[in-house]
Amino acid sequence: MRTQSKWKQAAIAVFCLVLVSGAAPATAGIPTDQIKATVDKAIVVLKDPRYKGEAKTKERRDELKKILFTRFDFAEMAKRSLGAHWRKRSEAEQKEFVNLFTDLLERAYADIIESYSDEKVVYLNERLDGSFVEVVSKIQTAKGQEYSINYKAQQIGSEWRVYDLVAENISLVSNYRSQFDRVINKKSYEELVRLLKSKADFGGAPKK
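Positions 62 to 269 (my numbering) are the ones given, in order, by the sequence shown.
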């Protein structure tokens, strides 16, 4: 249960960029710099008085989505989360699933993205493998707790797009894939789509 809670806390904090941006290490490369820049931009919006208050919720979230979509590859996340089932879907079904998956993430984290905390992200290093990279970081809380959160990204042109987050060694994409696979194998892909359209909850880490 502790691992599940820790994963959810880390994933929420980092995926939603609810962080006090820390300095990148002197050895950091372009991937780390780009991810840090995205965090910084999100924080600017969260702190901007023009976007404060319930009346500005839609405008604030629209601005945050613009920032997230430049760094997080939700289409790739959706594809990887569906796993082997992705290839069995038509182009129209794939497009629909990407939209449903993106909506799922937005529903799961939208409220928390606007909850500012005293957590701080520290970028440690990056593991580069051709056009893929894993940016290693840790989160420090005001109570002195630390836990790991790594960004997995792929280079597309000059940009590094995040396609997975690994919190305390648990992958966000793998977590969703196991849940989606279970629904499809026990029932059907159509049932998964129905659940996503009905806004079913797929949040949280896998139980251990």
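It is possible that some hints are incorrect.
Subject to a maximum C-alpha distance of 27 Å in a straight line, what follows is the list of computed DSS-like cross-link-like pairs (lysine-lysine) [unchecked claim]:
(1) Lys-108 - Lys-204
(2) Lys-199 - Lys-149
(3) Lys-127 - Lys-140
(4) Lys-204 - Lys-127
(5) Lys-260 - Lys-140
(6) Lys-199 - Lys-213
(7) Lys-127 - Lys-260
(8) Lys-117 - Lys-127
What follows is a list of derived Cβ distance ranges for each label pair [claimed, not checked]:
(9) Asn-246 - Val-105: 18 to 28 Å
(10) Glu-220 - Lys-248: 32 to 42 Å
(11) Lys-181 - Glu-157: 13 to 23 Å
(12) Ser-219 - Val-105: 35 to 45 Å
Just so you know, these hints were derived from the structure itself, not from any lab.
Every residue gets a Cβ at the ideal spot worked out from N, C-alpha and C, and that includes glycine.
Comparing the hints with the structure gives:
no. : hint                          : verdict
1   : Lys-108 - Lys-204             : holds, 23 Å
2   : Lys-199 - Lys-149             : violated, 37 Å
3   : Lys-127 - Lys-140             : holds, 21 Å
4   : Lys-204 - Lys-127             : violated, 32 Å
5   : Lys-260 - Lys-140             : holds, 19 Å
6   : Lys-199 - Lys-213             : holds, 14 Å
7   : Lys-127 - Lys-260             : holds, 22 Å
8   : Lys-117 - Lys-127             : holds, 16 Å
9   : Asn-246 - Val-105: 18 to 28 Å : violated, 44 Å
10  : Glu-220 - Lys-248: 32 to 42 Å : holds, 38 Å
11  : Lys-181 - Glu-157: 13 to 23 Å : violated, 38 Å
12  : Ser-219 - Val-105: 35 to 45 Å : violated, 22 Å
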